[in-house]
Amino acid sequence: MDAGCVNLQDRFPTLRGIMDVLRGNVTLTAGLVIFFTLFLITILAPVIAPHDPAEQDLGNRFASPTPEYPLGTDQFGRCIFSRTVYGGQISLAIAVISTVACVLIGILVGMYAGYYPRLDAPLMRMTDIFLAFPAIVLALPIIAIVGPTPLGIILAILLPGWAKFARVIRSSTLSVKSSGFVEASKAAGATDTHILFRHILPNCYGPIIEIATLGLGSKIITITSLGFLGLGVQPPIPEWGTMINQGLTMLEKAPMIALSAGSMIVLFVLATNLIGSELRKIIDPRSDTIVI
Amino acid sequence: MYYNICNYHKTGPCRYRDRKGTMSIIIEVNQLSVHFPLSTATVKAVDGVDLAVEERETLAIIGESGSGKSVLGTAILGLFPPTCTVSGTITYEGKDLLCLSEEQLRSVRGLQIAWIPQNPASALNPSMRTGLQVGEPLSRQAGWTRERIHERVLELFAKFRVLPPEERSQAYPDSYSGGMLQRSLVAMGTSASPKVIIADEPTKGVDTLNKESIATAFREVRNQGITLVVITHDLDFARELADRVVVMYNGAVLEISDKERFFERPLHPYSAGLLRSLPENGLVPIPGRATARDGAFTSGCRFRSRCPGAGERCAEEPPLIRARHDDAVRCWNYD
Chain L
1 MDAGCVNLQD
11 RFPTLRGIMD
21 VLRGNVTLTA
31 GLVIFFTLFL
41 ITILAPVIAP
51 HDPAEQDLGN
61 RFASPTPEYP
71 LGTDQFGRCI
81 FSRTVYGGQI
91 SLAIAVISTV
101 ACVLIGILVG
111 MYAGYYPRLD
121 APLMRMTDIF
131 LAFPAIVLAL
141 PIIAIVGPTP
151 LGIILAILLP
161 GWAKFARVIR
171 SSTLSVKSSG
181 FVEASKAAGA
191 TDTHILFRHI
201 LPNCYGPIIE
211 IATLGLGSKI
221 ITITSLGFLG
231 LGVQPPIPEW
241 GTMINQGLTM
251 LEKAPMIALS
261 AGSMIVLFVL
271 ATNLIGSELR
281 KIIDPRSDTI
291 VI
Chain S
293 MYYNICNYHK
303 TGPCRYRDRK
313 GTMSIIIEVN
323 QLSVHFPLST
333 ATVKAVDGVD
343 LAVEERETLA
353 IIGESGSGKS
363 VLGTAILGLF
373 PPTCTVSGTI
383 TYEGKDLLCL
393 SEEQLRSVRG
403 LQIAWIPQNP
413 ASALNPSMRT
423 GLQVGEPLSR
433 QAGWTRERIH
443 ERVLELFAKF
453 RVLPPEERSQ
463 AYPDSYSGGM
473 LQRSLVAMGT
483 SASPKVIIAD
493 EPTKGVDTLN
503 KESIATAFRE
513 VRNQGITLVV
523 ITHDLDFARE
533 LADRVVVMYN
543 GAVLEISDKE
553 RFFERPLHPY
563 SAGLLRSLPE
573 NGLVPIPGRA
583 TARDGAFTSG
593 CRFRSRCPGA
603 GERCAEEPPL
613 IRARHDDAVR
623 CWNYD
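Protein chains in written order, with the numbering used here: chain L, 1 to 292; chain S, 293 to 627.
It is worth saying that the hints were derived from the structure and are not from the lab. Incorrect hints may have been included.
Among chain L residues calculated to face chain S with C-beta under 8 Å, some are [as the list claims (entries may be wrong)]:
1) Gly59
2) Glu183
3) Pro235
Keeping only pairs whose Cα atoms sit at most 20 Å apart, straight-line, the calculated DMTMM-like set for lysine to aspartate or glutamate is [unchecked claim]:
4) Lys451(S) / Glu609(S)
5) Lys177(L) / Asp499(S)
6) Lys336(S) / Glu552(S)
7) Lys177(L) / Asp466(S)
8) Lys551(S) / Glu394(S)
To give an idea of the interface, some chain L residues facing chain S are shown, with a C-beta separation under 8 Å as derived from the structure [unchecked claim]:
9) Ala184
10) Lys186
11) Gly262
Where is the CB? At the ideal position from N, CA and C, for every residue including glycine.
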């Protein structure tokens, strides 16, 4: 059996099956390792960080890396390493929550649009309207209205974000609904709701998992972009985007502020893209292109 | 994808009704037409079909691809492709199925009239355990708990030799062989003990050995007293299983005959041609090809252009004429 194949016999992959897939796929393994390392670092921040991220050591501003401050200190004498480690907490939480919300809205809109021809045009034109705006353009006025709170940021990501999911799920629904088992279930008297949630949805999981992974990366970019523009999580809470914004003006004095936060973002987005593109190859071996 | 279309049109009187009163008729199709209007022409998939299915009989609907037999089969379940226009009536136990609401139709589908779809490889959901799917029609009935359904499914699997039942019911369809899939579809059709089962091409793409096991499964169904309508282009399978044979051609019924008499001496020139094309009868092809598929057929007898004995009278379409006993044929030769 090809190393990239999942054993379909027992649908729940065994540990051995997963290891077989990973052994044959360096890209996927690398992506997963980076992803879970960053995730662990973020969750275990209180254990890993040597200092409180808000703790100021004003006598020790712009310090060079020392054993006490592994990446030096910023303009208030705060530990850059601790701030970088803590900086992912709020961003990752917002990214995960908003991705889940996007998937749920996308499933509802996409499935109903794909299944009922009468709903297709209205729902999809509405989706097109949201797709027409670049994410950040729609996010800015929402932050301006709701304010730069976590809820505001989630809304600012959700509103432009769900549309892409709806499109993908609609197209999967269209292809699944013409399959024999949907017609068979209809001929056996099943209700539309039953067909949608028991027969169509479980057969759309592949593309959903794939775009959700890729979406997680692009959501981190949006969140940190908002932070960079000063519209994200407000100081003194450490956040990668905000740190880049601060570090930019002091790039010569303390390059580690922007560089450390920037590398975390790059690594995280890289990991999600590696995982997403490999999942795509496993799910649909014919296509090699990826769209973020 | 299918939609239910309610249509009260009744076009013309019923010209033929078979074996009136001798047995009770469970499904009566009356002047049913299912047309697909295209920009250039109208494709008449089913065109003025009259048919009566008797209780507990096995009726084989035979015809080549595009003769309208599958559309006729799904029409009996009130399922129609989205772009068609429908006229006529389909009466089941005194109710016109074409005038029922979607809700009422759902209580007929699967529970009263079940459907065994063609192409077993795609007829089961690949991401759902087979046992759950086979028991699906039951889950909509009151009083059927999960355990009771499971027991019933195991019983059905044992009966239709999907073995071992417990293991098979927990497995996913992709681990099934072709014959096993077809047998579990038969099990699914019978699960809610319907009165009628319509099977669409059950022997499509199946070799002789598997065909025998499918025939056995269907005989089992027939022995339960279930009315069977088998749509097929497999004459051997029809001969093995059916009580009566209906021949469809270009959307119309050309002949309705008792099975024995049909294979002994078919009435319609087309039926005769079909039997001559069997290997044991010399593999003689019928000249020409069916025309109504592309909408070119206009009037007169549908088989006229390919019929060896076509005369002037065939420019007018013949009605179904009673030719012998209860057999009927749509040909002027028997007028």
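- Is the straight-line distance between the alpha-carbon of lysine 551(S) and that of glutamate 394(S) 20 Å or less? 36 Å, violated
- Task: For the pair we were handed, lysine 336(S) and glutamate 552(S), check the Cα-Cα distance against 20 Å.
- Result: Given that 20 Å is the threshold and the Cα spacing comes to 31 Å, the pair is violated.
- Compare the distance between the alpha carbons of lysine 177(L) and aspartate 499(S) with 20 Å, and conclude whether the hinted pair is satisfied. 29 Å, violated
- Restraint check, 8 Å cut-off on beta carbons, for alanine 184(L) near chain S: Holds - the Cβ of alanine 184(L) comes within 8 Å of chain S, reaching about 4 Å at its closest.
- Query: Regarding the hint that glutamate 183(L) lies at the interface with chain S, is the smallest CB-CB distance below 8 Å?
  - Reply: 6 Å, holds
- Task: Using Cβ atoms only, decide whether glycine 59(L) comes closer than 8 Å to chain S, and label the hint accordingly.
- Result: 63 Å, violated
- Cut-off 8 Å, beta-carbon criterion: hint that glycine 262(L) touches chain S: Violated - the Cβ of glycine 262(L) stays beyond 8 Å from chain S, reaching only about 41 Å at its closest.
- Residue hint proline 235(L), partner chain S, criterion CB-CB below 8 Å: 47 Å, violated
- Item | Pairwise hint evaluation, glutamate 609(S) against lysine 451(S), where the allowed Cα distance is 20 Å at most | 47 Å, violated
- Task: So, lysine 186(L) near chain S? Judge it on the closest CB pair being under 8 Å.
- Result: 6 Å, holds
- Query: Is lysine 177(L) close enough to aspartate 466(S), meaning Cα to Cα at most 20 Å?
  - Reply: 19 Å, holds
When the structure is compared with the earlier hints, violations turn up for hints 1, 3, 4, 5, 6, 8 and 11 and for no others.
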